[in-house]
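2 protein chains.
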Amino acid sequence: MPRFATSLTSLRSSEIRDLMKLATQPGIISFAGGMPDNTLFPIDEVKEIINTLTPQQQQAAFQYGPTPGLPSLLDSLSQHLESKGLPVSTNRLMITTGSQQAIALLARAFIDPGDRVLVENPCFIGAISAFNANQAQLTSIDLDNEGIHIDQLEKETQRPNKAKFLYLTPYFHNPRGILYSAERKQQVARTLAGTDIVLIEDDAYGDLYFYEEDKPRLTPIKAANPSGLDICYTGSFSKILGPGLRLGWLLLPESIYQRCELIKQSLDACSPSFTQVIADQFIRRGMLQPYIERIRHEYRRRAETMSDLLQSTLPPDVQWNRPRGGFYIWLTLPQHIDASAVLKRTIDQGAVFVIGKTFDPKGTQHNTLRLSYCNTNQEQIKKGITIIANAIKK
Amino acid sequence: MPRFATSLTSLRSSEIRDLMKLATQPGIISFAGGMPDNTLFPIDEVKEIINTLTPQQQQAAFQYGPTPGLPSLLDSLSQHLESKGLPVSTNRLMITTGSQQAIALLARAFIDPGDRVLVENPCFIGAISAFNANQAQLTSIDLDNEGIHIDQLEKETQRPNKAKFLYLTPYFHNPRGILYSAERKQQVARTLAGTDIVLIEDDAYGDLYFYEEDKPRLTPIKAANPSGLDICYTGSFSKILGPGLRLGWLLLPESIYQRCELIKQSLDACSPSFTQVIADQFIRRGMLQPYIERIRHEYRRRAETMSDLLQSTLPPDVQWNRPRGGFYIWLTLPQHIDASAVLKRTIDQGAVFVIGKTFDPKGTQHNTLRLSYCNTNQEQIKKGITIIANAIKK
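Sequence lines, in order, name chains R and S.
FYI, the numbering for the first sequence is 1 to 394, going by the UniProt record's numbering.
FYI, the numbering for the second sequence is 1 to 394, going by the UniProt record's numbering.
FYI, nobody ran anything at the bench for these hints, they're computed from the structure.
Among the hints, a few may not be true.
It does not matter which identical chain is used: a pair holds within one copy or between any two.
[Claimed, not checked] Taking lysine to any residue pairs in the SDA-like style, the calculated list, with each CA pair at most 20 Å apart, reads:
| no. | residue 1 | residue 2 |
| --- | --- | --- |
| 1 | 394 | 214 |
| 2 | 215 | 321 |
| 3 | 47 | 58 |
| 4 | 21 | 75 |
| 5 | 362 | 298 |
| 6 | 162 | 5 |
| 7 | 47 | 59 |
| 8 | 344 | 154 |
Remember, it's a predicted structure, so these values are computed and weren't measured experimentally.
If we strip away everything but chain R, and leave its shape as in the complex, we get:
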């Protein structure tokens, strides 16, 4: 028997894998995965890009690139991020192998075994996994419809066993679906300022807003550049181009950037040049914004279909919000209903979702669940939601 490192016991064995398997089972209506719809990818645009690259760009696509990313992509992406008000020129930008790697780099940079980190409850499962892989001790803070509970956050920042960082996904939260209010974000920044607790701001879904009036609420905390606070901002091409390209990014203060670059060297040397060249051209040729417009519109239609159906079919004691962007709707069932029992019933009838416990760092929630509307068409949504609503009623 190989003598493994003893320090990996906290990795929960199979949840993400099971989730993936469930989500891709043929013939089943899946509200489980967080994957974009296969039929919505910009396949023709990317083919056009590949067929019209210069010889230099073609060669760069096959070759190793610098660890922090291809200079041309760093440049084009910088302009995209500057348009969101982000302080690109006073920070350093790094391309990562998906935003999962961005989170894994930060986890490795900050966490010694046993270190405390603050997360939302519920929390993105990829982040939980990255923090557990570094043997963090997770302290989770509840969410309401405006964001994280500030009183709980204040209490946590004052403990002597000081947390290393707070991990937030304020824009169409995965799995909770919410968009933070501007005020709540200011309160977060004020609460953390001067505490030496770093803020990780995960913005993988912000571009997928459905309503123009929400635009002011989408300004990153990082854009305000609050004093006395180090903010690590991360984003991804997964939802605005394709997860199969495995490209995300980190916008970081210099000292944190230096540390993450060293760790990235040891992990995969560099992110795929091939897909970096594609992403760079996708931005430079003006294809990104029209594509985002297109999928934003389509996801909004799906979200509205699902919301309308939930409204007309769910019992009134089930709590949920109409989404304003992103991929997810979060249901809170009455206390006496067990989401796993509901799931068992819906699997038999051909529809799946993810139970809330999966996203709960404490692992205790039993009456919540996440529905994704991103990877199902109108017809599947109608059929699948009927199955789920009936199962809940039983």
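Given the structure of chain R, go ahead and fit chain S onto it with the hints provided.
Just chain S now, with coordinates in the frame of chain R:
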């Protein structure tokens, strides 16, 4: 100041980065990098693949894939590996984000801080970096022209503070250039059997042999499937398709595979589907073998040009071997010559290489250096080697 994890002090700050910068400086003749030549990539073949994918393949390229790799690539790669005699059916195959990630996964799976691991001296710098990132204590064992010193290895396996694994690159070693003899490989397997020390066999360059008569020596240790020994075999598409695709692989016993899959989930969720689809088609359409033939021939020409020039220009007290495959020639200068002093001189005259100290886990070698012939044409080789030979003579 952010409070970083204290456990990263052993990451040597900037060597790989400096190496990369040196190797890509414009106008300079670089024997420094381990990068394939930009002009040799199979650009037309890959363009043809992309333009003739089925809609299903196109969609898979943009989408998330399973953490261990796309099933179709696992299948086609299995056939390629079976043709080398590897025991694919009794082990598990996993796609990694370059073979750098393969090594990083194994490092994380086995190393607790302070654990001893055995490496060759000199050793691939990416491996040193991955082991240091996990706070390993490196014990390095000398190489001769046939492989690792067995007497030193025996001594090391008998120490009470038992090493977790031995990391070897027996096929056209980076940086040493050598090909292990069949006998030495058997001795390695016999020495490790029953010790609980895992063997990591890195075979990134084995396909690039120059002489048919060497084929028997290229059979992996893993292919013999020796009893009482766990072997983790790793390879890469970087040298036989393109490093910019960031694809490598691991062939592993079941229990080690399970562990690595969990770690990979937390690091980047999956490797790029986009380039996995390309690599799969590159194998399935029969393009891989002809392409390897082509570059094997070209690298042999370059190796022979460089060897002939070294033979005619170097002083007789410089030791080196004519390469029989791979990318590298290793020079051992007389004791009184300092390779860094030679490098300073050649940089001024427009040629660079990597000093041996970079690959020395102990960091003490001063009179060795690595020349790569992979990324320079005939003319550059002639000009550059003249510069280097003159600098050594001074």
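Structure-based check of all given hints:
Neither within a single protomer nor between protomers do residue 394 and residue 214 lie at most 20 Å apart by alpha-carbon distance, with minima of 37 Å and 70 Å respectively. In the homo-oligomer, the alpha carbons of residue 215 and residue 321 lie at most 20 Å apart inside one protomer (19 Å), although the nearest pairing across protomers, at 65 Å, exceeds that limit. For the identical chains of this complex, residue 47 and residue 58 are neighbours both inside a copy (13 Å) and across copies (10 Å), given an alpha-carbon limit of 20 Å. In this assembly of identical chains, the alpha carbons of residue 21 and residue 75 lie at most 20 Å apart only when taken from different copies (18 Å versus 37 Å within one copy).
Taking identical chains as interchangeable, the C-alpha atoms of residue 362 and residue 298 are never at most 20 Å apart, the minima being 35 Å within one chain and 58 Å between chains. When the C-alpha separation of residue 162 and residue 5 is checked against a cutoff of 20 Å, the pair qualifies only between copies, where the shortest distance is 13 Å, while the shortest distance within a copy is 27 Å. With identical chains, the CA atoms of residue 47 and residue 59 are at most 20 Å apart both within one copy (17 Å) and between copies (12 Å). In this assembly of identical chains, the alpha carbons of residue 344 and residue 154 never lie at most 20 Å apart, being 39 Å within a copy and 56 Å across copies at closest.
Consistency note: the structure conflicts with the earlier hints numbered 1, 5, 8.
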